[in-house]
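**Student:** Take a look at the letters that make up each chain.
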Amino acid sequence: EAQVTQNPRYLITVTGKKLTVTCSQNMNHEYMSWYRQDPGLGLRQIYYSMNVEVTDKGDVPEGYKVSRKEKRNFPLILESPSPNQTSLYFCASSIQGEEKLFFGSGTQLSVL
Amino acid sequence: QKEVEQNSGPLSVPEGAIASLNCTYSDRGSQSFFWYRQYSGKSPELIMSIYSNGDKEDGRFTAQLNKASQYVSLLIRDSQPSDSATYLCAPQGGKLIFGQGTELSVKP
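From first to last, the protein sequence lines stand for chains W and D.
Taking the working numbering, I'd label the letters of the first sequence as residues 701 to 812.
Taking the working numbering, I'd label the letters of the second sequence as residues 256 to 363.
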């Protein structure tokens, strides 16, 4: 089944404790992206990647890191999480960035 | 100026009515648009895409695009309670950014 898999689904952590949210797609898509969603603010793009080893900042990249060492994986790293990063996070992929996005199920992150 | 703006919600309509959702965009280079529907706590799903000026119909949904006015809309005819969700507008291409979404509530 074609899908984007995000883990974990829920995560509670404390300020400053490094964490990684994983994202994997099995559709051989070149484009992958991370979004955060906060009430009243819609989906805001954090980082995106047009292909392996090619990443670029979205609208809200501060406090986040990404890497794209393999085509299928695009992990989101929070080196030192802060409470303002409490949010619902979505990973998404598409064939080449010009088409329909396939979304993961989301990760609800709470930073205490 | 925000790149994509949607009419602020929540929008409430009675069952069976027409719901009208609007979106304006600032990038004149945007050629086509997606409408996504998102149920509370779920991930967005694509419901319509439109690539050229005019109307595109798919069942109860009609997307309208006016590139000269930089305006795209989604009409939902015969609205059902199951249509209650947040609707997100997204210009195609590039960074694939989204509008802030319009929450629609269909009352039985």
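Calculated directly from the structure, the hints in this document are not laboratory data.
Keep in mind the model is a prediction, meaning the values are calculated, not measured.
Hints should not be assumed to be uniformly reliable.
[To be verified] The following residues of chain W were derived to be distant from chain D, with all beta-carbon distances above 10 Å:
| # | residue |
| --- | --- |
| 1 | Lys717 |
| 2 | Asn728 |
| 3 | Ser733 |
| 4 | Leu741 |
| 5 | Arg744 |
| 6 | Pro775 |
| 7 | Ser782 |
| 8 | Pro783 |
| 9 | Ser794 |
| 10 | Lys800 |
| 11 | Leu801 |
| 12 | Val811 |
[Claimed, not checked] For lysine-lysine, the following BS3-like pairs were computed, each having C-alpha atoms within a straight-line distance of at most 30 Å:
| # | chain 1 | residue 1 | chain 2 | residue 2 |
| --- | --- | --- | --- | --- |
| 13 | D | Lys322 | W | Lys717 |
| 14 | W | Lys769 | W | Lys800 |
| 15 | D | Lys311 | W | Lys757 |
| 16 | D | Lys362 | W | Lys765 |
| 17 | D | Lys322 | W | Lys765 |
| 18 | D | Lys297 | D | Lys311 |
| 19 | W | Lys757 | W | Lys771 |
| 20 | D | Lys297 | W | Lys757 |
| 21 | W | Lys771 | W | Lys717 |
| 22 | D | Lys322 | D | Lys311 |
| 23 | D | Lys297 | D | Lys362 |
| 24 | W | Lys717 | D | Lys311 |
| 25 | D | Lys362 | W | Lys717 |
| 26 | W | Lys717 | W | Lys757 |
| 27 | W | Lys769 | D | Lys311 |
| 28 | W | Lys800 | W | Lys765 |
| 29 | W | Lys757 | W | Lys718 |
| 30 | W | Lys771 | D | Lys311 |
| 31 | W | Lys771 | W | Lys800 |
| 32 | W | Lys800 | W | Lys717 |
| 33 | W | Lys718 | D | Lys362 |
For each residue, glycine too, the CB sits at the ideal point set by N, CA and C.
**Student:** Against each hint, give a clear statement of whether it holds in the structure.
**Tutor:** Against the structure, the hints come out as follows:
The beta carbon of Lys717 of chain W sits about 25 Å from the closest Cβ of chain D, which is more than 10 Å, so the claim that it is off the interface holds. Here Asn728 of chain W stays apart from chain D, with its beta-carbon at least about 18 Å from theirs, past the 10 Å limit. Not every CB of chain D is more than 10 Å from the CB of Ser733 of chain W (nearest about 6 Å), against its label as outside the interface. The Cβ of Leu741 of chain W sits about 6 Å from the closest Cβ of chain D, inside the 10 Å cut-off, so the non-interface label is violated.
Listed as a non-interface residue, Arg744 of chain W fails to keep its Cβ farther than 10 Å from every Cβ of chain D; the least gap is roughly 8 Å. Once the 10 Å rule is applied to beta carbons, Pro775 of chain W is consistent with being away from chain D; the minimum gap is 18 Å. Once the 10 Å rule is applied to beta carbons, Ser782 of chain W is consistent with being away from chain D; the minimum gap is 23 Å. For Pro783 of chain W, the non-interface assignment is confirmed: its Cβ lies about 21 Å from the closest Cβ of chain D, beyond the 10 Å cut-off.
Against the 10 Å criterion, Ser794 of chain W falls within the reach of chain D, whose nearest CB is about 7 Å from its own CB. Non-interface call for Lys800 of chain W relative to chain D: violated, since the shortest CB-CB distance, roughly 5 Å, does not exceed 10 Å. Residue-level check failed: Leu801 of chain W sits 6 Å from the nearest beta carbon of chain D, not beyond 10 Å. No beta-carbon of chain D comes within 10 Å of the beta-carbon of Val811 of chain W; the shortest separation is about 19 Å.
Distance restraint check for Lys322 of chain D and Lys717 of chain W: the Cα-Cα separation of roughly 47 Å exceeds the 30 Å cut-off, and the hinted pair is therefore not satisfied. A distance of roughly 23 Å separates the Cα atoms of Lys769 of chain W and Lys800 of chain W; the hinted pair therefore holds under the 30 Å criterion. Under the criterion of a C-alpha separation no larger than 30 Å, the hint pairing Lys311 of chain D with Lys757 of chain W is inconsistent with the structure, at around 33 Å. For the suggested pair Lys362 of chain D and Lys765 of chain W, the alpha carbons sit about 43 Å apart, so the restraint of at most 30 Å is broken.
Pair hint Lys322 of chain D plus Lys765 of chain W does not hold up; C-alpha atoms about 36 Å apart against a cutoff of 30 Å. Of the supplied pair hints, the one linking Lys297 of chain D and Lys311 of chain D holds, its CA atoms being roughly 26 Å apart against a limit of 30 Å. Using a Cα cut-off of 30 Å, the hinted pair Lys757 of chain W and Lys771 of chain W holds, with the two alpha carbons roughly 18 Å apart. Note on Lys297 of chain D and Lys757 of chain W: the hinted pairing holds, with a Cα-Cα distance of about 25 Å set against a maximum of 30 Å.
Only pairs whose Cα atoms come within 30 Å are accepted, and Lys771 of chain W paired with Lys717 of chain W is accepted, the gap being roughly 27 Å. Restraint check for Lys322 of chain D and Lys311 of chain D: satisfied, since their Cα atoms lie roughly 14 Å apart, inside the 30 Å limit. Among the hinted pairs, Lys297 of chain D with Lys362 of chain D is consistent with the structure: their alpha-carbon atoms are about 21 Å apart, no more than 30 Å. Proximity of Lys717 of chain W to Lys311 of chain D is assessed by CA-CA distance (about 49 Å); at most 30 Å being required, the pair is judged violated.
This hinted pair does not check out: Lys362 of chain D and Lys717 of chain W have alpha carbons roughly 44 Å apart, beyond 30 Å. About 23 Å separates the Cα atoms of Lys717 of chain W and Lys757 of chain W, which keeps this hinted pair within 30 Å; it holds. Between the alpha carbons of Lys769 of chain W and Lys311 of chain D the distance comes to roughly 40 Å, so the proposed pair goes past 30 Å and is violated. For the suggested pair Lys800 of chain W and Lys765 of chain W, the alpha carbons sit about 25 Å apart, so the restraint of at most 30 Å is met.
Between Lys757 of chain W and Lys718 of chain W, the direct Cα distance comes to roughly 20 Å. Compliance with the 30 Å bound is thereby established for this hinted pair. For the hint pairing Lys771 of chain W with Lys311 of chain D, the CA-to-CA distance comes to about 34 Å; that exceeds 30 Å, so the pair is violated. About 18 Å separates the Cα atoms of Lys771 of chain W and Lys800 of chain W, which keeps this hinted pair within 30 Å; it holds. As the CA atoms of Lys800 of chain W and Lys717 of chain W are separated by approximately 35 Å, the hinted pair breaks the 30 Å bound.
With a C-alpha separation of about 44 Å, the suggested pair Lys718 of chain W and Lys362 of chain D falls outside the 30 Å cut-off, and the hint is violated.
In terms of the numbered hints stated before, the structure departs from hints 3, 4, 5, 9, 10, 11, 13, 15, 16, 17, 24, 25, 27, 30, 32 and 33, listed from lowest to highest.
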